[in-house]
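6 protein chains.
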Amino acid sequence: MSVVYRNIPRPDRAVTDGFTAHGVATIHEAQGRTGLLAPYMRPIYPGAKISGTAVTVLLHPGDNWMLHVVAEQIKPGDIVVAALSAPNTDGFFGDLLATSVKARGARGLIIDGGCRDITELKAMDFPVWSRAISAKGTIKATLGSVNIPVVCAGMIVNPGDAIVADDDGVVVVNAADAQKVADAAAARESFEGEKRAKLAAGVLGLDMYKFREPLEKLGLKYID
Amino acid sequence: MSVVYRNIPRPDRAVTDGFTAHGVATIHEAQGRTGLLAPYMRPIYPGAKISGTAVTVLLHPGDNWMLHVVAEQIKPGDIVVAALSAPNTDGFFGDLLATSVKARGARGLIIDGGCRDITELKAMDFPVWSRAISAKGTIKATLGSVNIPVVCAGMIVNPGDAIVADDDGVVVVNAADAQKVADAAAARESFEGEKRAKLAAGVLGLDMYKFREPLEKLGLKYID
Amino acid sequence: MSVVYRNIPRPDRAVTDGFTAHGVATIHEAQGRTGLLAPYMRPIYPGAKISGTAVTVLLHPGDNWMLHVVAEQIKPGDIVVAALSAPNTDGFFGDLLATSVKARGARGLIIDGGCRDITELKAMDFPVWSRAISAKGTIKATLGSVNIPVVCAGMIVNPGDAIVADDDGVVVVNAADAQKVADAAAARESFEGEKRAKLAAGVLGLDMYKFREPLEKLGLKYID
Amino acid sequence: MSVVYRNIPRPDRAVTDGFTAHGVATIHEAQGRTGLLAPYMRPIYPGAKISGTAVTVLLHPGDNWMLHVVAEQIKPGDIVVAALSAPNTDGFFGDLLATSVKARGARGLIIDGGCRDITELKAMDFPVWSRAISAKGTIKATLGSVNIPVVCAGMIVNPGDAIVADDDGVVVVNAADAQKVADAAAARESFEGEKRAKLAAGVLGLDMYKFREPLEKLGLKYID
Amino acid sequence: MSVVYRNIPRPDRAVTDGFTAHGVATIHEAQGRTGLLAPYMRPIYPGAKISGTAVTVLLHPGDNWMLHVVAEQIKPGDIVVAALSAPNTDGFFGDLLATSVKARGARGLIIDGGCRDITELKAMDFPVWSRAISAKGTIKATLGSVNIPVVCAGMIVNPGDAIVADDDGVVVVNAADAQKVADAAAARESFEGEKRAKLAAGVLGLDMYKFREPLEKLGLKYID
Amino acid sequence: MSVVYRNIPRPDRAVTDGFTAHGVATIHEAQGRTGLLAPYMRPIYPGAKISGTAVTVLLHPGDNWMLHVVAEQIKPGDIVVAALSAPNTDGFFGDLLATSVKARGARGLIIDGGCRDITELKAMDFPVWSRAISAKGTIKATLGSVNIPVVCAGMIVNPGDAIVADDDGVVVVNAADAQKVADAAAARESFEGEKRAKLAAGVLGLDMYKFREPLEKLGLKYID
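Chains as they are written, first to last, in the numbering used here: chain W, 1 to 224; chain S, 1 to 224; chain B, 1 to 224; chain F, 1 to 224; chain G, 1 to 224; chain E, 1 to 224.
Pulled out of the complex, with its shape left as it was, chain W reads as follows (with noise of 0.2 Å):
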């Protein structure tokens, strides 16, 4: 039941690599509202924004040795997304592990568990958006898997899913929905300047995407 898929398709890595540019909220909103997980999901240092490529791995509570095991899968722009098979927080990966999948190309790391090491990973500048930070040590004797469909904080990541990550949380985008969520992003961003400019002159909202009409309609009452 335990197995390691080598070989997983990636979307084209200038298409998902621009998805960093519009940051989570956007390409949460370019592809109908979906894909993103769980708020409990924070960087573990502010500033940081990636995207790339999932590479998936389930661990067990309490053990990361499937962490290894998915490291040697990392091929450079992937991000690890660890899923776990029941909720846990201990601290799962740190400096050392990090050093190992930077090596390899790893840009971050999602994981619906704890981290550690938090002060020497942004010394590293390695990125890792978990469920919690703890210094609780794990152990390594549980098989898991390597680039199966996982649930990481509340959405289904298929491996080769793109990932983008930022202060605003984590969002995946299918593989195959990666093109048409660029280009809806896109074009939604081509929009958000001239707006930005109105509302800063003190335009209203309620002018601006002519809210007024349809709030009367609904009974909105004004009183003085």
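If you're looking for bench data, these hints aren't it; they were derived computationally from the structure. It is possible that part of the hints are untrue.
[To be verified] Listed below are the simulated DSS-like cross-link pairs for lysine-lysine, each with C-alpha atoms no more than 27 Å apart in a straight line:
(1) E:Lys122 with G:Lys198
(2) F:Lys122 with F:Lys49
(3) S:Lys140 with W:Lys198
(4) E:Lys140 with B:Lys210
(5) W:Lys198 with S:Lys122
(6) E:Lys75 with G:Lys221
(7) G:Lys210 with E:Lys140
(8) S:Lys75 with W:Lys210
(9) B:Lys217 with G:Lys180
(10) B:Lys75 with S:Lys210
(11) W:Lys195 with S:Lys140
(12) F:Lys198 with F:Lys217
(13) S:Lys140 with F:Lys221
(14) G:Lys122 with E:Lys122
(15) F:Lys140 with E:Lys210
(16) W:Lys140 with B:Lys221
(17) E:Lys75 with G:Lys195
Computed from a predicted model, the values in this text were never measured in an experiment.
Position chains S, B, F, G and E against the provided structure of chain W, taking the given hints into account.
Relative to the frame of chain W, chains S, B, F, G and E by itself:
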């Protein structure tokens, strides 16, 4: 049932502006240890410190439409206080809305829900205290109300109440009590400098506050 | 029932001072993956790193009186460990108390409750690890005890135990085991430099730790 | 600051007594989906169903003194609504207090804190909806207030408001709206029998409510 | 993006019907300790025990419209599995909907949200496993999908998968594995009677399972 | 580091057996409002009431091996108290283990983790107080210890301490204090009958406990 009150009383701005210097903990103490919003309300970035007058809005889970409605009711020096009709952590507020309410003169947002575009809001220097950080998008479909009394993070906030927010949290002061609380806060702080100096010199609180006798009376025993 | 023990054994300061350099994760591993306080204990600002000797205090919800009592028992190099008789997130500790305990020689506070005056504490460089940040004021009405064994964030802490705290959390080391743990931590770290260099060079943990054989024995399958 | 209001307006008992038959879900709907206390408020035993008039009390964490004060203000048909000035799960209420308030005519207790003596309360048939079950004892040291507006489990409750509680939770109805809500609830239920019969006969809600057209318009696609 | 799949494969009903007798814990073990939904999924009343085939529906917070859509797709012996696009505890399901889906042949509901009309549902003998009990009403405004793969309480559920639910929780079995899991469960239980008899007679698990040797090897010490 | 203490002191059974009649709330009060385990510890079915002597076991997350080891150390009248080295809600205990420990004379289990086979345990009349109900299976791979002091649900429990558990929760009494606590509980209850009678007759606690004067002194105001 959905109403927007356009004219709300606002306490003397000079009084409420003075609250910033005192900070949340002092104001909370000065009004008898009341008015503090639940401690899950955290700033989206550290270091901001504001005070001002509440304009209130009641939102429904997953719907941020009324934030555009409240924008029109903002006067310079106001702080938007957004309550929810049921617990929800979606990202109701981001950089476009921030651009709009900032242009109207708002000093910040207090929201018992989620906030997104953290990086951009920090760059804009527009502070938000929220229950969560989440990129989850919202829709514009349901009416709420503006400038009615709301329950935000466990506390009643009336339109026109004073709000103080800093790294310690958020406190609300009834408009009618603003001057009294300002006086009490000033009185409280006038003694703090002297106390701080004594404590820094090694004087014990036990002696400075004369705690030894009441502690002994209640039965505290020392064992060598 | 409320007692203050004035004389507590303290382990050799030279030994416990050395713990700071190793950090929480290493010390926790070095003593057999025990002693870690619950991961909800977080620093009120990032970057602090301390070790020292525990003076303990048992507080009751909403009452910080005994923090003034414990202040008198502090010796330079101590760390105050405050436990609660029931879960509570009030703001038991702020800048005045910090001024007092710092003047007595305390290096920091570990509190299974709330802390306030965050901005001031950071400016003073007095680190606190707490369950919450809250401006909620407390009263001075109920006796607790000082320098008794307490349960803080799920872990037993005896007066005189060594405490290590950094961005990864907080760990307690039994006084009697301090030297042994120090030796184990040093041994552990002596190997880490070499490991880190190998991993940085791209050597896989699978090979460095010889994991391939045991993984295969347990049935791990690779699929191309 | 601590006051006991002795005379509170109470709505027509005949009206509020009728709420029991409708139940919490119907009353909540009948007043426009408002007034529901947070779902963490659960009955201490299943099957109880009450309605009545709120007498309110504000307690402080770990202190149940004011429950004796509110007892005197109870009139037959009242329900005690106890709010807390900060979150706390101690066991504020047990069989002795229940004996007292029951003798005064109270129909039940709604408390945003803990309750104990569960077995005895069930035997006495005195229902309680609480945030927690806890044997943790409380003290009698701090003043609160009686019959002031309170925030209980996220909802504002004014003295004299109507309360309805059953296995689904707890809802509050503003005294002034009681008759209107009673009428709306009755109207709502008058249609339910017919609907229930149709649905039981296999008619789909899609057809009964004419949902097919709006669903199609919004773009719902069927795939075989 | 909102679709209803009308034809879904269903595993052999005779096989999945047999799961009820084994119960959730045994089925979960028999398929290698996988498939268990998060333990926050609790029955709304004790004692129910069902198995059947999943028809799935994805709902949005506060909107139960799609439950009417999924009703049409139910075949006798199905269990409705309702997932949410974001965490929410509103009362999506009550006695009218229960009447409808029961008339269509549904055996129960698994919902990662709230449920209401508990008393009525128990009287109807229609079991529900939910994340919460809440009377909070929902609206009918947003499209979701029916019979797509969903993540419910942390687990992927595909339409047509087998579901087993009892007082221990809820487990999902991939349709393709149903027969294999049934066989493994039967094998597992065939040994349990004998084991139970031995243990009831006072034989220790230490001896029956031959644990003494491996425990000793790992270093377990006995001290008198 | 993993040890099993075979001989533990047990307090006089006659004394601890008497605790059942008093119940958890009274025993907790009788020993000065200490010893109560966290209120998240709930009985898996209502109505059970036990007292006895603690045999303790420290488990690791997801591993129930040591429950077989502790089984051998049980004497008739004991209650197994299982602590965890890190928070975890897996189902460590089910009907087979219950059969074994019951055969050894255990009266119940207190476990700071999950429990399964709820229906069977109720049928067997073997009560469990747990942090969660979960069918999640566990493995048998890691050593823990038996009859060492543990922290269970926030409270220190030493082997041989007295345990009382009922629908209100779980309380621990230090073995050395058992007689003293029994006396205090008896004294406490001897007054309760009279008090209950008075309160049932409508006498107010305000008068019975003479609270009016101290309340007035502290400043409580009555307003008509």
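Which numbered hints fail: none
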